[in-house]
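Asks: Turn these sequences into a full structure, and let the hints guide you.
Chains as they are written, first to last, in this note's numbering: chain D, 75 to 471; chain Y, 75 to 471.
Please note that a few of the clues may not be correct.
[Said to hold, decoys possible] Okay, derived cross-link-like pairs now, BS3-like style, lysine-lysine, Cα gap no bigger than 25 Å in a straight line: (1) Y:LYS218 x D:LYS218; (2) Y:LYS140 x Y:LYS156; (3) D:LYS410 x D:LYS422; (4) D:LYS422 x D:LYS454; (5) Y:LYS299 x Y:LYS225; (6) Y:LYS218 x Y:LYS275; (7) Y:LYS454 x D:LYS140; (8) Y:LYS243 x Y:LYS275; (9) D:LYS275 x D:LYS243; (10) Y:LYS454 x D:LYS452; (11) D:LYS218 x D:LYS342; (12) D:LYS454 x Y:LYS140; (13) D:LYS275 x D:LYS306; (14) D:LYS342 x D:LYS410; (15) Y:LYS452 x D:LYS140.
[To be verified] Listed next, the stretches of chain Y that the computed footprint assigns to chain D, with coverage defined by at least 3 CB atoms under 8 Å from CB atoms of chain D: (16) 175-181; (17) 184-192; (18) 355-364; (19) 448-460.
[Unchecked claim] Some but not every residue of chain D turned toward chain Y, in silico, with C-beta under 8 Å: (20) MET83; (21) ALA121; (22) SER124; (23) LEU148; (24) SER206; (25) GLU207; (26) SER322; (27) GLN339; (28) MET346; (29) ASN357; (30) SER360.
Since the hints were derived computationally from the structure, they do not count as laboratory data.
A quick note: this is a predicted structure, and the numbers were derived from the prediction, not measured.
All C-beta atoms in this analysis are idealised placements derived from N, C-alpha and C, irrespective of residue type, glycine included.
Protein chains: 2
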Amino acid sequence: MINQHFLSMLGNKNVIRELSEYATARGQEIGYENVFDFSLGNPSVPAPDSYRDVSIRLLQEVEPLKLHGYNPTLGDPRVKGKVAASLKARFGLPYEPGHIFPTAGAAGAIAHALRCVVCPGEEVIVFAPYFSEYNPYIEGTGGKIRFVPIKMDDFQPNFEAAEEIFNEKTAAVLINSPNNPSGVVYPEETLQKLADLLTRKSAEVGHTIFLISDEPYREIVFDGKKQAYPAKYYPHTLTCYSFSKSLSLPGERIGYVAVNPACEQADKMVPMMGQISRGLGHNCPSSLPMLASAYCLEDTSDLSVYETNMNLLYDTFTELGFTVPRPGGTFYIMPKALEEDAVAFCKKALKYDLVFVPGDGFCAPGFFRVAYCLDTEKVKRSLPSIRRFVETEYPDR
Amino acid sequence: MINQHFLSMLGNKNVIRELSEYATARGQEIGYENVFDFSLGNPSVPAPDSYRDVSIRLLQEVEPLKLHGYNPTLGDPRVKGKVAASLKARFGLPYEPGHIFPTAGAAGAIAHALRCVVCPGEEVIVFAPYFSEYNPYIEGTGGKIRFVPIKMDDFQPNFEAAEEIFNEKTAAVLINSPNNPSGVVYPEETLQKLADLLTRKSAEVGHTIFLISDEPYREIVFDGKKQAYPAKYYPHTLTCYSFSKSLSLPGERIGYVAVNPACEQADKMVPMMGQISRGLGHNCPSSLPMLASAYCLEDTSDLSVYETNMNLLYDTFTELGFTVPRPGGTFYIMPKALEEDAVAFCKKALKYDLVFVPGDGFCAPGFFRVAYCLDTEKVKRSLPSIRRFVETEYPDR
Numbered sequence: 075m076i077n078q079h080f081l082s083m084l085g086n087k088n089v090i091r092e093l094s095e096y097a098t099a100r101g102q103e104i105g106y107e108n109v110f111d112f113s114l115g116n117p118s119v120p121a122p123d124s125y126r127d128v129s130i131r132l133l134q135e136v137e138p139l140k141l142h143g144y145n146p147t148l149g150d151p152r153v154k155g156k157v158a159a160s161l162k163a164r165f166g167l168p169y170e171p172g173h174i175f176p177t178a179g180a181a182g183a184i185a186h187a188l189r190c191v192v193c194p195g196e197e198v199i200v201f202a203p204y205f206s207e208y209n210p211y212i213e214g215t216g217g218k219i220r221f222v223p224i225k226m227d228d229f230q231p232n233f234e235a236a237e238e239i240f241n242e243k244t245a246a247v248l249i250n251s252p253n254n255p256s257g258v259v260y261p262e263e264t265l266q267k268l269a270d271l272l273t274r275k276s277a278e279v280g281h282t283i284f285l286i287s288d289e290p291y292r293e294i295v296f297d298g299k300k301q302a303y304p305a306k307y308y309p310h311t312l313t314c315y316s317f318s319k320s321l322s323l324p325g326e327r328i329g330y331v332a333v334n335p336a337c338e339q340a341d342k343m344v345p346m347m348g349q350i351s352r353g354l355g356h357n358c359p360s361s362l363p364m365l366a367s368a369y370c371l372e373d374t375s376d377l378s379v380y381e382t383n384m385n386l387l388y389d390t391f392t393e394l395g396f397t398v399p400r401p402g403g404t405f406y407i408m409p410k411a412l413e414e415d416a417v418a419f420c421k422k423a424l425k426y427d428l429v430f431v432p433g434d435g436f437c438a439p440g441f442f443r444v445a446y447c448l449d450t451e452k453v454k455r456s457l458p459s460i461r462r463f464v465e466t467e468y469p470d471r
Numbered sequence: 075m076i077n078q079h080f081l082s083m084l085g086n087k088n089v090i091r092e093l094s095e096y097a098t099a100r101g102q103e104i105g106y107e108n109v110f111d112f113s114l115g116n117p118s119v120p121a122p123d124s125y126r127d128v129s130i131r132l133l134q135e136v137e138p139l140k141l142h143g144y145n146p147t148l149g150d151p152r153v154k155g156k157v158a159a160s161l162k163a164r165f166g167l168p169y170e171p172g173h174i175f176p177t178a179g180a181a182g183a184i185a186h187a188l189r190c191v192v193c194p195g196e197e198v199i200v201f202a203p204y205f206s207e208y209n210p211y212i213e214g215t216g217g218k219i220r221f222v223p224i225k226m227d228d229f230q231p232n233f234e235a236a237e238e239i240f241n242e243k244t245a246a247v248l249i250n251s252p253n254n255p256s257g258v259v260y261p262e263e264t265l266q267k268l269a270d271l272l273t274r275k276s277a278e279v280g281h282t283i284f285l286i287s288d289e290p291y292r293e294i295v296f297d298g299k300k301q302a303y304p305a306k307y308y309p310h311t312l313t314c315y316s317f318s319k320s321l322s323l324p325g326e327r328i329g330y331v332a333v334n335p336a337c338e339q340a341d342k343m344v345p346m347m348g349q350i351s352r353g354l355g356h357n358c359p360s361s362l363p364m365l366a367s368a369y370c371l372e373d374t375s376d377l378s379v380y381e382t383n384m385n386l387l388y389d390t391f392t393e394l395g396f397t398v399p400r401p402g403g404t405f406y407i408m409p410k411a412l413e414e415d416a417v418a419f420c421k422k423a424l425k426y427d428l429v430f431v432p433g434d435g436f437c438a439p440g441f442f443r444v445a446y447c448l449d450t451e452k453v454k455r456s457l458p459s460i461r462r463f464v465e466t467e468y469p470d471r
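Replies: Set out below in structure tokens:
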């Protein structure tokens, strides 16, 4: 018999995918340029030229057996060295190559980091709103997800509600700032408060609670600010990164885990990930894209378009009377729907060829996510439709 | 606390890795050209030029957002289409794109295929000798490995011994032909006999027993022959493939699962793999290497060197009085050691700068594996050392 667990998962409808498929079908009807598809978090600005140039140069100049050969189990030493040096220079933590484990994107990074610190039956705490894929990631370890309810006014961690979620089974806390789906950035004070909480709770439960920090949007921060680096505030931190957003390479599946050198058993973590990889069937990310990414560590795509788009949408939503925390980064914004049922709200929006995602899947019922990784021109063209949708459907708002 | 299970795995010594590290260290002492390192199964002939050319062309001509963008959960439709068409043309089974799931190499393929058909607590049968990484692959599913003892004379499946290994818990049989570590190829008759056995045992235990066929060496077959295609003989077959050996791209981690269209629930398998991938953190292999590989489906590296090397070694080993089944493919040969303890035998060989791997890890105690993916010139230079080793250490053999 085939595996009934995975078979039963086929029944679960993926709302984002369904909406995106609707958008594609509708695009074929009326022209894709007329469908305002805010459903998918797919970068809209191309990879920097440097990425293409270094890839071609590697293909032309490096001996194929070396370029495409097996990597050591714990990853290409050149890549590990470059990543460690870059993180050290940027954030001041004494990373060495042995603290870096190259992975297939942030998904691979989280899959390995979680398995290092979570045993079957233990719990991982996440703060709502959170990226829906955290559910299968955590379930895959045999652990259980525990979520802290949303803090409605600003989407910062709800520390008050968190107090009672911690218990002896708590193995780790998984955070994501800049945040998908809300666009909110955790400032220094939040990270310090979180570190204090984790230190206190670790003492209470009698074991170290680890912090897993998922940071694919680290480089997409607005208003000239920078994302404070979570591992600086709490030693027992595994930082999970992906080049998907900073270099616009989501299909290449390139990322890494960086283990804070001050973390408990820091020197064991990366070798453990090598062992974990064997059972998962990963065995290092693809050589060429990984090496090319490591040559582009200080580059990014032109990310400024996301801030331009955010401002256009934030201004329109606030002007139309929406409650909406202003994003500090990413390419998402998450306003409160104009009726309690965000699914109904998003369905009505479809009539105006606006594709939004209800917040329910992000543990944020009543809200909706708008992914504005689109050409600015298209975002501008969407504004009258948003206005028309709201004024027609919710005249008494 | 960190995960004790994976932590404890760090204690397990990896014999192949230790030998390979010894060889590297010794190479630094006496020059790497003087160490005959037969330990690693790493291709020794470069990727075909076509792979480099198509990669560069894709980088130059395809819009970066398209080239490096997210793939659909179930894989790039162009890749799926090309693979399905190629398999259909070569082997006559009516594959459609929906039967193909692109993966990170054969390791990723096996990880997904196993999870489709194995539930925790169930058993997977393998025939000794077998690739040692099958242990963590199977353990990672929550299933249990059951091995059928080696058939000493020819390393073909030991059907007689297999009879009593099957039971109600048997979920699948995992085969590998051409075989790592023995180089042996299962002919048509063997595959037919295996299919008959699986059909009979499925009826006996009351459920379909699946066949997982691991075929990374499919294109490396000697004497002008071809590997018979296992899925042709048994409908419930998931074929796992990798381009690591045929295109010499082991570091790029590109492969696929092909579900026989006649397999039980064939249409559910690939969608299930999409769900499985979420928990494993795979999410499709890297876009560029996957797409470039799909453009090179009918190409291979110059694989003839492996046959040349095999003949040189086979002739030498037989002349020296070794018992050794002649490989039909791969780049491995597995003679019987000249003393009972193959580990002791391989240690003695090190004195002659010959790095062989004891068969113990492959469930073949008393044998040793010789990986001849080396320049032919180096293989030729190794022959006098092999002769000297044997004549000095085993004068009365």
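Asks: Look at each hint and say if it fits the structure.
Replies: Results of checking the hints against the structure:
1. Y:LYS218 x D:LYS218: Holds: LYS218 of chain Y and LYS218 of chain D sit about 24 Å apart, inside 25 Å.
2. Y:LYS140 x Y:LYS156: Given pair LYS140 of chain Y, LYS156 of chain Y holds - Cα atoms ~18 Å apart, limit 25 Å.
3. D:LYS410 x D:LYS422: Holds, because 15 Å separates the two Cα atoms, which is no more than 25 Å.
4. D:LYS422 x D:LYS454: Status holds; Cα separation ~20 Å.
5. Y:LYS299 x Y:LYS225: Since the Cα atoms of LYS299 of chain Y and LYS225 of chain Y sit roughly 23 Å apart, the hinted pair holds (cutoff 25 Å).
6. Y:LYS218 x Y:LYS275: Holds, at about 18 Å.
7. Y:LYS454 x D:LYS140: Roughly 23 Å between the alpha carbons, so the hint for LYS454 of chain Y and LYS140 of chain D holds.
8. Y:LYS243 x Y:LYS275: holds (12 Å)
9. D:LYS275 x D:LYS243: Holds - the C-alpha atoms of LYS243 of chain D and LYS275 of chain D are around 12 Å apart, at most 25 Å.
10. Y:LYS454 x D:LYS452: Judged against 25 Å, a Cα distance of about 66 Å means the pair is violated.
11. D:LYS218 x D:LYS342: The hint holds at about 24 Å.
12. D:LYS454 x Y:LYS140: Holds, at roughly 23 Å.
13. D:LYS275 x D:LYS306: With Cα atoms ~19 Å apart, LYS275 of chain D and LYS306 of chain D stay inside 25 Å; holds.
14. D:LYS342 x D:LYS410: Roughly 44 Å separates the two Cα atoms, so the pair is violated.
15. Y:LYS452 x D:LYS140: Roughly 18 Å between the alpha carbons, so the hint for LYS452 of chain Y and LYS140 of chain D holds.
16. 175-181: holds (count 4)
17. 184-192: n = 7 at 8 Å, threshold three: holds.
18. 355-364: With 9 residues closer than 8 Å to chain D, the segment 355-364 of chain Y meets the three-residue bar; holds.
19. 448-460: The restraint on the segment 448-460 of chain Y is violated, since only 0 of its residues have a Cβ under 8 Å from chain D and three are required.
20. MET83: holds (4 Å)
21. ALA121: holds (4 Å)
22. SER124: violated (11 Å)
23. LEU148: LEU148 of chain D check fails; min Cβ-Cβ to chain Y is 11 Å, beyond 8 Å.
24. SER206: Violated, because the Cβ-Cβ distance from SER206 of chain D to chain Y comes to roughly 10 Å (cut-off 8 Å).
25. GLU207: This interface hint holds because 6 Å falls under the 8 Å limit.
26. SER322: Where the cut-off is 8 Å and the nearest Cβ of chain Y is about 6 Å from SER322 of chain D, the hint holds.
27. GLN339: holds (5 Å)
28. MET346: holds (4 Å)
29. ASN357: holds (5 Å)
30. SER360: holds (4 Å)
Hints 10, 14, 19, 22, 23 and 24, counting from the list given before, are not met by this structure.
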